[in-house]
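Visitor: Chains as they are written, first to last, in my numbering: chain S, 21 to 296; chain Y, 21 to 296; chain C, 21 to 296; chain Z, 21 to 296.
Errors might be hidden in some of the hints.
[To be verified] Within a straight-line C-alpha distance of at most 25 Å, the following computed PhoX-like cross-link-like pairs (lysine-lysine) qualify: (1) Y:Lys-66 to S:Lys-229; (2) S:Lys-66 to Y:Lys-198; (3) C:Lys-269 to Y:Lys-92.
[Unchecked claim] Okay, the calculated bits of chain Z under chain Y, using three or more residues with CB under 8 Å as the criterion: (4) 176-188; (5) 261-275.
In short, the hints are calculated from the structure, not lab data. Note that beta-carbon positions come from the ideal geometry of N, C-alpha and C, so glycine has one too.
4 protein chains.
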Amino acid sequence: MAKLAHNAYGKSDVRVTKVVRHGDGGGRHDLLELSVNIQLEGAFEKSYLSGDNSQIVATDTMKNTVYALAKKLTIESIEGFARDLGRHFVERNSHVTSAVVAIEEHRWNRIGAVAFEGSSREVRTTVVKTSRKCVEVTSGLDGLLVLKTTDSGFVGFLRDEYTTLPEVTDRIFATVVKAEWRYTQMPADANAAHAKARGAMLEVFAGHKSLAVQQTLFAMGEAVLKVVPEVEAVTITMPNKHRIPANLKALGLEFEGDVFVTTEEPFGEISGTVER
Amino acid sequence: MAKLAHNAYGKSDVRVTKVVRHGDGGGRHDLLELSVNIQLEGAFEKSYLSGDNSQIVATDTMKNTVYALAKKLTIESIEGFARDLGRHFVERNSHVTSAVVAIEEHRWNRIGAVAFEGSSREVRTTVVKTSRKCVEVTSGLDGLLVLKTTDSGFVGFLRDEYTTLPEVTDRIFATVVKAEWRYTQMPADANAAHAKARGAMLEVFAGHKSLAVQQTLFAMGEAVLKVVPEVEAVTITMPNKHRIPANLKALGLEFEGDVFVTTEEPFGEISGTVER
Amino acid sequence: MAKLAHNAYGKSDVRVTKVVRHGDGGGRHDLLELSVNIQLEGAFEKSYLSGDNSQIVATDTMKNTVYALAKKLTIESIEGFARDLGRHFVERNSHVTSAVVAIEEHRWNRIGAVAFEGSSREVRTTVVKTSRKCVEVTSGLDGLLVLKTTDSGFVGFLRDEYTTLPEVTDRIFATVVKAEWRYTQMPADANAAHAKARGAMLEVFAGHKSLAVQQTLFAMGEAVLKVVPEVEAVTITMPNKHRIPANLKALGLEFEGDVFVTTEEPFGEISGTVER
Amino acid sequence: MAKLAHNAYGKSDVRVTKVVRHGDGGGRHDLLELSVNIQLEGAFEKSYLSGDNSQIVATDTMKNTVYALAKKLTIESIEGFARDLGRHFVERNSHVTSAVVAIEEHRWNRIGAVAFEGSSREVRTTVVKTSRKCVEVTSGLDGLLVLKTTDSGFVGFLRDEYTTLPEVTDRIFATVVKAEWRYTQMPADANAAHAKARGAMLEVFAGHKSLAVQQTLFAMGEAVLKVVPEVEAVTITMPNKHRIPANLKALGLEFEGDVFVTTEEPFGEISGTVER
Numbered sequence: 021m022a023k024l025a026h027n028a029y030g031k032s033d034v035r036v037t038k039v040v041r042h043g044d045g046g047g048r049h050d051l052l053e054l055s056v057n058i059q060l061e062g063a064f065e066k067s068y069l070s071g072d073n074s075q076i077v078a079t080d081t082m083k084n085t086v087y088a089l090a091k092k093l094t095i096e097s098i099e100g101f102a103r104d105l106g107r108h109f110v111e112r113n114s115h116v117t118s119a120v121v122a123i124e125e126h127r128w129n130r131i132g133a134v135a136f137e138g139s140s141r142e143v144r145t146t147v148v149k150t151s152r153k154c155v156e157v158t159s160g161l162d163g164l165l166v167l168k169t170t171d172s173g174f175v176g177f178l179r180d181e182y183t184t185l186p187e188v189t190d191r192i193f194a195t196v197v198k199a200e201w202r203y204t205q206m207p208a209d210a211n212a213a214h215a216k217a218r219g220a221m222l223e224v225f226a227g228h229k230s231l232a233v234q235q236t237l238f239a240m241g242e243a244v245l246k247v248v249p250e251v252e253a254v255t256i257t258m259p260n261k262h263r264i265p266a267n268l269k270a271l272g273l274e275f276e277g278d279v280f281v282t283t284e285e286p287f288g289e290i291s292g293t294v295e296r
Numbered sequence: 021m022a023k024l025a026h027n028a029y030g031k032s033d034v035r036v037t038k039v040v041r042h043g044d045g046g047g048r049h050d051l052l053e054l055s056v057n058i059q060l061e062g063a064f065e066k067s068y069l070s071g072d073n074s075q076i077v078a079t080d081t082m083k084n085t086v087y088a089l090a091k092k093l094t095i096e097s098i099e100g101f102a103r104d105l106g107r108h109f110v111e112r113n114s115h116v117t118s119a120v121v122a123i124e125e126h127r128w129n130r131i132g133a134v135a136f137e138g139s140s141r142e143v144r145t146t147v148v149k150t151s152r153k154c155v156e157v158t159s160g161l162d163g164l165l166v167l168k169t170t171d172s173g174f175v176g177f178l179r180d181e182y183t184t185l186p187e188v189t190d191r192i193f194a195t196v197v198k199a200e201w202r203y204t205q206m207p208a209d210a211n212a213a214h215a216k217a218r219g220a221m222l223e224v225f226a227g228h229k230s231l232a233v234q235q236t237l238f239a240m241g242e243a244v245l246k247v248v249p250e251v252e253a254v255t256i257t258m259p260n261k262h263r264i265p266a267n268l269k270a271l272g273l274e275f276e277g278d279v280f281v282t283t284e285e286p287f288g289e290i291s292g293t294v295e296r
Numbered sequence: 021m022a023k024l025a026h027n028a029y030g031k032s033d034v035r036v037t038k039v040v041r042h043g044d045g046g047g048r049h050d051l052l053e054l055s056v057n058i059q060l061e062g063a064f065e066k067s068y069l070s071g072d073n074s075q076i077v078a079t080d081t082m083k084n085t086v087y088a089l090a091k092k093l094t095i096e097s098i099e100g101f102a103r104d105l106g107r108h109f110v111e112r113n114s115h116v117t118s119a120v121v122a123i124e125e126h127r128w129n130r131i132g133a134v135a136f137e138g139s140s141r142e143v144r145t146t147v148v149k150t151s152r153k154c155v156e157v158t159s160g161l162d163g164l165l166v167l168k169t170t171d172s173g174f175v176g177f178l179r180d181e182y183t184t185l186p187e188v189t190d191r192i193f194a195t196v197v198k199a200e201w202r203y204t205q206m207p208a209d210a211n212a213a214h215a216k217a218r219g220a221m222l223e224v225f226a227g228h229k230s231l232a233v234q235q236t237l238f239a240m241g242e243a244v245l246k247v248v249p250e251v252e253a254v255t256i257t258m259p260n261k262h263r264i265p266a267n268l269k270a271l272g273l274e275f276e277g278d279v280f281v282t283t284e285e286p287f288g289e290i291s292g293t294v295e296r
Numbered sequence: 021m022a023k024l025a026h027n028a029y030g031k032s033d034v035r036v037t038k039v040v041r042h043g044d045g046g047g048r049h050d051l052l053e054l055s056v057n058i059q060l061e062g063a064f065e066k067s068y069l070s071g072d073n074s075q076i077v078a079t080d081t082m083k084n085t086v087y088a089l090a091k092k093l094t095i096e097s098i099e100g101f102a103r104d105l106g107r108h109f110v111e112r113n114s115h116v117t118s119a120v121v122a123i124e125e126h127r128w129n130r131i132g133a134v135a136f137e138g139s140s141r142e143v144r145t146t147v148v149k150t151s152r153k154c155v156e157v158t159s160g161l162d163g164l165l166v167l168k169t170t171d172s173g174f175v176g177f178l179r180d181e182y183t184t185l186p187e188v189t190d191r192i193f194a195t196v197v198k199a200e201w202r203y204t205q206m207p208a209d210a211n212a213a214h215a216k217a218r219g220a221m222l223e224v225f226a227g228h229k230s231l232a233v234q235q236t237l238f239a240m241g242e243a244v245l246k247v248v249p250e251v252e253a254v255t256i257t258m259p260n261k262h263r264i265p266a267n268l269k270a271l272g273l274e275f276e277g278d279v280f281v282t283t284e285e286p287f288g289e290i291s292g293t294v295e296r
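Pulled out of the complex, with its shape left as it was, chain S reads as follows:
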């Protein structure tokens, strides 16, 4: 006999753009663009087992709820909006045990009172899990591409018959930072906390003398813990977006740390969790 061991469902990639029109005479607007994912857990077995949907909140209703609450609420931060959305579903439905609301916020840079530029792939993220007992808040960022042209080496690693990588004391270090930090509780000012965590990671990346991607990753995590007291742990994933020295010798030329081949695959993938 088959049984349902776990289930969850929801709506993904609900995209909403919100404009806040300030009545300040200057006609300045604020812009917020979010992608919202909602997943509910609870007593939905009847739908899976027999197609009885009497316990099902339609995913289309979840989508509408995002629009409705985006209208009704002041969105101070994505963390707060995710909590409000989760609370909505848990409070209304006694059979829903938890709601996991994940939000990505796209970056828009102001170029005028009502105009914005948004070409960046970087997104600010949050995942808020709301259950009857507690609210767990994890925030972070994804898609932040950074590169340093020096102050990065990699020596002293293990060697065997399949090791061909030379030791290098000066290489390019490029990565797309994905970071998620867990708060002990909803921070008083989630926007400020995000800015501080992001700034600390960039500062370490730019200034660090790196002996390994692993070492830089740890130092970046440590810096987040240092500047944001409400963070209890931070997990960082940093793919190594390799820039490989061009084989100039075969072309009768000398490589002098200047010409590199940009590659997408394969790539190293380094991760770590740093706690207090």
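Model the placement of chains Y, C and Z on the given structure of chain S, informed by the hints.
Guide: Just chains Y, C and Z, lined up with the frame of chain S:
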């Protein structure tokens, strides 16, 4: 003080194409195309904490190892190759506690003795975790887009002030199936097991009278358990790739289950785990 | 003074799924999934120069027109539907000089009376330009990934100080075929013509002893001209999806035409137009 | 008899990262990341017709040439580098009639003396066609996502039975700008010219009261002509990245220009060429 709570690293998207040239006179070749991801867990703290890489297997070496073992071994199945790769790293390195090797196999259809067509997005997958004590094998598929034009409805769900979705007894049901089934042990014939599981899911999808995506998902998982005795649990994720009735009424025409708007976002996302 | 030298506008990626329900007792359905792009050319200068939209067919109306005609018309082929759509806009609007309608048809394979599998990236394409005087029909395909494991070499090319590529008499030849063939007039049976052209290209690819991608490309174009009399010219683009011999020698192993590194970039890009 | 009416081939997506290390004591580095596409036209018929490659410059050699010239030359601008690459192939090969070199430059923002952030999708582009007689330079940008929250309307367009779009005097206007401007000759300072053209387009976009995407497009093109005297024509393509008012009325709420649904498809696609 910050401490390292968890760490792992490895090489992702190592892509390898292997040709097997049969000496059978007819000149027939077989083709295998894989993307390999390797992640090691173990005593790598020194690299994170101080940049001492003496315990680090370079990810470049992992890449070379994939090529070397692809050369030296007969690849009977991706499950077997993943196990062999994992074992290689665990056996050689006493400080490595486990290796997680994930492989995607691309689908190539034969169009000649030495020619193949491979336009499909569907991939066969496996994740094999090898530790000193045991080998855990999970296999599956991803990217399998299927659609049925009828025999699907959705009625009887909860309604509130944000519910606008009408009940329908006949709709299009389209999804991209992602399935992962956990074996109790490495199956004797992993290729046959994969074919049986895939076939069972397609048969249910095509024949099932669906009252909810949830119900069809459960039935598909149940079918996998039925046809492959070595499977102990199967997790399926099925996004609802909505085809929405075109608003023909506004155009002076009548919708008769015939013209639908294909949409990518937002989408329902349904998942479930079915066990024995 | 700035002047408007050229203009065009329209709606892109109008996606429509059409179900044809056969009243044949067996309950068999047909499925058609299209992405439609429409571009109009004509006397739209007033909108560009002064924002006077009195000559503008809204792109939203174009979208609705796709849905409406998908409802009202029997779609025998994408070529016919593209012509009907183009004619609609040209006939109704005397200031529209031409309509270019490009359609991509997604591939769905039947897996049941009402169920289909559609994971392929390959699309069937057409571009129909309708003006007051004539209809120009170009059809083709895109995204057709093919690979042959042998019967492909590349020797005798020019060499200079930057040439490091060795001559090879046996290599993997992989490509994503994009082909566009121009008809002298709308073919009587565009579906049959497409199937014949596609089949001819695949047959040549699979059987050809290739001395250069260029040579295979020409032979494939020649084959299309041979099997479809209504075609007057065919343009084929074939990126060289390189599979590079793994550097096994550095690993103490021998390359024997067996283990290749799959790469996405950079890639050779070969194109040619073959005419009668 | 089939004949070869047109042919061209080359290497695409040759990605190169160049570091310039300034000997200025401060240890400041500059970073340049390019994707280079090369297409040659000339007397290559023998390769297509009979597989005789004696006139073929291998695409692998083109790739190496990019690396070699990136090493040997000072890259003042992508326009100059594209011209130098094209000249290289035309001058060395009397049977090559022209070389079309297209370069995309990725945007990197300095975050330290040797560190950079590069998450933007926007690229600076150039296409330089070098033949024996002349050099044609077209430059531009792609991927520049901009949005304005007001000062955009769309009224007075044609209406028929398939028109459901309401007239609006205040809507969101979002687009991904692609622009290509043709220079009368290689500009003295291509970097300054690019910055001026880009700045002018952004200024118009941010400040313009838009009555139609078409009108804004023309005004942006006009501005480029005004600020860069070396430009003789500019072609702009602006997809309408629709933000659709959320259907709040159905949820018992009122839309007040505040909550919009972000959509990717279908999308309006507007283009125009503005000349002196």
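Visitor: Go check the stretch 261-275 of chain Z versus chain Y for me, would you? Three or more residues, Cβ under 8 Å, otherwise it fails.
Guide: holds (count 4)
Visitor: Does the structure keep Lys-269 (chain C) and Lys-92 (chain Y) at a Cα separation of 25 Å or less?
Guide: Holds. Lys-269 (chain C) to Lys-92 (chain Y) sits at ~13 Å (cutoff 25 Å).
Visitor: Against the 25 Å threshold, does the CA-CA distance of Lys-66 (chain Y) and Lys-229 (chain S) hold or violate the hint?
Guide: 16 Å, holds
Visitor: Holds or violated: Lys-66 (chain S) and Lys-198 (chain Y), Cα atoms, limit 25 Å.
Guide: With Cα atoms ~22 Å apart, Lys-66 (chain S) and Lys-198 (chain Y) stay inside 25 Å; holds.
Visitor: Is the coverage entry for the stretch 176-188 of chain Z by chain Y consistent with the three-residue Cβ rule at 8 Å?
Guide: Satisfied; 3 residues make the cut.
In this structure, none of the earlier numbered hints is contradicted; all agree with it.
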